Amino acid sequence: MKVTKELLEKYHRGHCTPEEKTAVENWLLDDSDVDDSFPASVDEATIQQEMWAEIQQELPSSKPRRLFRWSLPGSVAAACVVVLGLGWLLYRPHTPATPQSQEISGRDYTLAAGPESKVQVTKAGIINFCGRLEIQPKKDVQLSFIEQSPEHFSFQKGETYFAFHTCQKADHEKILVIKEKSLQSLPPVAKRQLMDEWGI
Amino acid sequence: MHLRFLLVFWSLLGLIGCHQSHPEGTYGIYVMRSGDAREYIVRTDQLDSGRIDPLKGIPVPIPQLWAELIERDGNYYHMNRKSGYLVRHRLIDQHFTAQDSVALPDVSFIENYSWPTPDSLFLISYNRKISKLQYARVDVRTMQAQTGKLPLPLPFGPYNSMSVGFSHFRGSELFVGYTYHTVSGRPGQYTTSDTLYVSTLAYPSMRLIRTQKDTKSTYPGSVNTEQPSTFADEKGDFYFLACPGFALGNHPRKPTAIYRIKAGEATLDSTYFFNISASAIHNHAYGLWYIGKGQAIVRSERRELFKTMEDHYQVPHLEFYVVDLNQKTTRKLALPLDKGSARSCVLVDRGLVYISVNAGPDDNYIWVYNPNDQSLKKGLKIEGSVDYLLRLEKLKDASGQTSD
Chain A
1 MKVTKELLEK
11 YHRGHCTPEE
21 KTAVENWLLD
31 DSDVDDSFPA
41 SVDEATIQQE
51 MWAEIQQELP
61 SSKPRRLFRW
71 SLPGSVAAAC
81 VVVLGLGWLL
91 YRPHTPATPQ
101 SQEISGRDYT
111 LAAGPESKVQ
121 VTKAGIINFC
131 GRLEIQPKKD
141 VQLSFIEQSP
151 EHFSFQKGET
161 YFAFHTCQKA
171 DHEKILVIKE
181 KSLQSLPPVA
191 KRQLMDEWGI
Chain B
1 MHLRFLLVFW
11 SLLGLIGCHQ
21 SHPEGTYGIY
31 VMRSGDAREY
41 IVRTDQLDSG
51 RIDPLKGIPV
61 PIPQLWAELI
71 ERDGNYYHMN
81 RKSGYLVRHR
91 LIDQHFTAQD
101 SVALPDVSFI
111 ENYSWPTPDS
121 LFLISYNRKI
131 SKLQYARVDV
141 RTMQAQTGKL
151 PLPLPFGPYN
161 SMSVGFSHFR
171 GSELFVGYTY
181 HTVSGRPGQY
191 TTSDTLYVST
201 LAYPSMRLIR
211 TQKDTKSTYP
221 GSVNTEQPST
231 FADEKGDFYF
241 LACPGFALGN
251 HPRKPTAIYR
261 IKAGEATLDS
271 TYFFNISASA
281 IHNHAYGLWY
291 IGKGQAIVRS
301 ERRELFKTME
311 DHYQVPHLEF
321 YVVDLNQKTT
331 RKLALPLDKG
341 SARSCVLVDR
351 GLVYISVNAG
361 PDDNYIWVYN
371 PNDQSLKKGL
381 KIEGSVDYLL
391 RLEKLKDASG
401 QTSD
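Which chain is which? The protein sequence lines are A and B, in order.
Just so you know, we're using this note's numbering here: the first sequence kicks off at 1 and counts up by one.
Just so you know, we're using this note's numbering here: the second sequence kicks off at 1 and counts up by one.
In short, the hints are calculated from the structure, not lab data.
Being a predicted model, the structure only gives us computed values, none of them experimental.
Take the hints with a grain of salt, since some may be wrong.
[As the list claims (entries may be wrong)] If you anchor each label on the Cβ, the simulated ranges turn out as follows:
(1) B:Gln99 - A:Cys167: 49 to 57 angstroms
(2) A:Ile200 - B:Pro361: 26 to 34 angstroms
(3) A:Lys123 - B:Glu310: 31 to 39 angstroms
(4) A:Met195 - B:Arg302: 26 to 34 angstroms
(5) A:Met195 - B:Ser34: 20 to 28 angstroms
(6) A:Ile200 - B:Pro61: 26 to 34 angstroms
(7) B:Pro361 - A:Val141: 54 to 62 angstroms
(8) B:Lys132 - A:His15: 24 to 32 angstroms
(9) B:His22 - A:Ser154: 55 to 63 angstroms
(10) B:Lys132 - A:Ser154: 34 to 42 angstroms
(11) B:Ser83 - A:Val141: 35 to 43 angstroms
Don't be surprised by glycine CBs; every beta carbon is placed ideally from N, CA and C.
Isolated chain A, as found in the complex (with noise of 0.2 angstroms):
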């Protein structure tokens, strides 16, 4: 049975008859298969999206340190698809939908996004986020935003830093990064804008 875009999303939804659920766990478990390339006709920025989304509701409560890395090499990829997978099988059904914090703990830096806001860390380095992320450098380091568009920011070690993204799609979107402590720098229109939507 071929494991296509349709498929996987009538597994999402629990419809699958007995035989289509092995086929797609099968698929899953299947590391064999080095090419981590979605089933033709399925985009994989849309499927990454979709599953990050899927992913921010359905995890258990304990926060994960690392997350999962989309170019990491074939097999060790398919293994966290298993994992995250898996994941989605045993608590979707169950587990109600709360909002996660994620945080990412690097050797240079500890992330965190805030309510509503999402984060992960490409193979090159490259932050990509959306909502509000806070940045604590662990040294003076340089840092990439946006695979898309990229911005580069330098941070002080000892400092915390918010980087605002907003998660509505628009061409050539910006990012603010700011000092926490130089918030109250802002201008009161553009400070009360932050606080209103991040939440801060």
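Using the hints, position chain B against chain A.
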């Protein structure tokens, strides 16, 4: 021997002029500590001389409160947006203590406040999330309030936000100044309309009587919980600063200017436009304080000394000028460059003008300006790891009576 040492020690302190925090002191100095940005209030009877360490004063338990406070008669009022209550605090036994409160439904950030009477606090709030422009009238003796819709046009067309920069009561009329914004693009980014609006309402009915528009400048007034920019003089003439500079209106091609509504007249005085940007000040300004006899103090920026909004807040670049409102002349006060985009830093008391200046580490003072002889001298020195002197207020007079 031990007693002698103590006697000598305290005598030396007296000679040096080190002030202890006075629990019932006349003046309140509100500061931000370096590093962790914690806020403190210290009370003192003396602003003219000596030294004081505000970090030995009363810690403020709510972070970043300074910009949202209204102080009168030793009471600090704060609109808690999360709980929906206006809370009254006082300094009691070295603690910043909540004493009373009143629910103000749908009231969010305070745009502007004024005191129609000494016991009546009038608040204007624009709640952008739910598109509501509200007013609240609070009897601060009983902490009872009435709220209602302020009948001004909500943002329209390309605009999705607004700022209300002043409210001025005159008899049975209320004048309100405002403008509109478009918030979009990079988070925190906004543009401002090229027009300022002044509406006249009947008070207390809040019926809209008329609206004027003016395009010579924009962004009338300011968030006066942070820094004032309006006043009425002895004759009842009302003056307000239009603030299109980066730190407020963000429409820097327009000039910063002082407008006037004359006592007894129903509309903006069309003959009066004191263009601050075109004067010798030659920069945008954000703070305005009346010091009597037709003179005011303007706090202005130095454009060539900052590059970013963070610089604007952190780099000393702000200056103080005495302006003559009738002659439209300016005279710079010989003060060190000051830092902090918005501070409530000028206090007029008993004919003297006290100005807190945040020049940098070990250079934070209350300066004393005498308008009668134009003398300017250093007064009380502020010691300790203080980053900003945020507020300077008179909490009560020497007889214990409340201030005006």
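Taking the hints in turn, this is what the structure says about them:
1. Taking the beta carbon of each, Gln99 of chain B and Cys167 of chain A are about 42 angstroms apart, not inside 49 to 57 angstroms as hinted.
2. The beta-carbon spacing between Ile200 of chain A and Pro361 of chain B, approximately 29 angstroms, falls within the hinted interval of 26 to 34 angstroms.
3. For the pair Lys123 of chain A and Glu310 of chain B, the supplied restraint of 31 to 39 angstroms holds, since their beta-carbon distance comes to about 32 angstroms.
4. Between Met195 of chain A and Arg302 of chain B the C-beta distance comes to about 29 angstroms, which sits within the given range of 26 to 34 angstroms.
5. Judged by the Cβ atoms, the range 20 to 28 angstroms given for Met195 of chain A and Ser34 of chain B holds: they are separated by roughly 24 angstroms.
6. A C-beta distance of roughly 18 angstroms is found between Ile200 of chain A and Pro61 of chain B, which places it outside the suggested range of 26 to 34 angstroms.
7. Restraint check, Pro361 of chain B to Val141 of chain A: a C-beta distance of roughly 28 angstroms breaks the suggested window 54 to 62 angstroms.
8. For the pair Lys132 of chain B and His15 of chain A, the supplied restraint of 24 to 32 angstroms is violated, since their beta-carbon distance comes to about 44 angstroms.
9. Checking the proposed 55 to 63 angstroms range against His22 of chain B and Ser154 of chain A shows it is violated: the Cβ atoms sit about 45 angstroms from each other.
10. In this structure the supplied range 34 to 42 angstroms holds for Lys132 of chain B paired with Ser154 of chain A, their Cβ-Cβ distance being about 40 angstroms.
11. The hint said 35 to 43 angstroms for the Cβ distance between Ser83 of chain B and Val141 of chain A, and at roughly 39 angstroms that hint holds.
Checked against the numbered hints listed earlier, the structure breaks hints 1, 6, 7, 8, 9; every other hint is satisfied.
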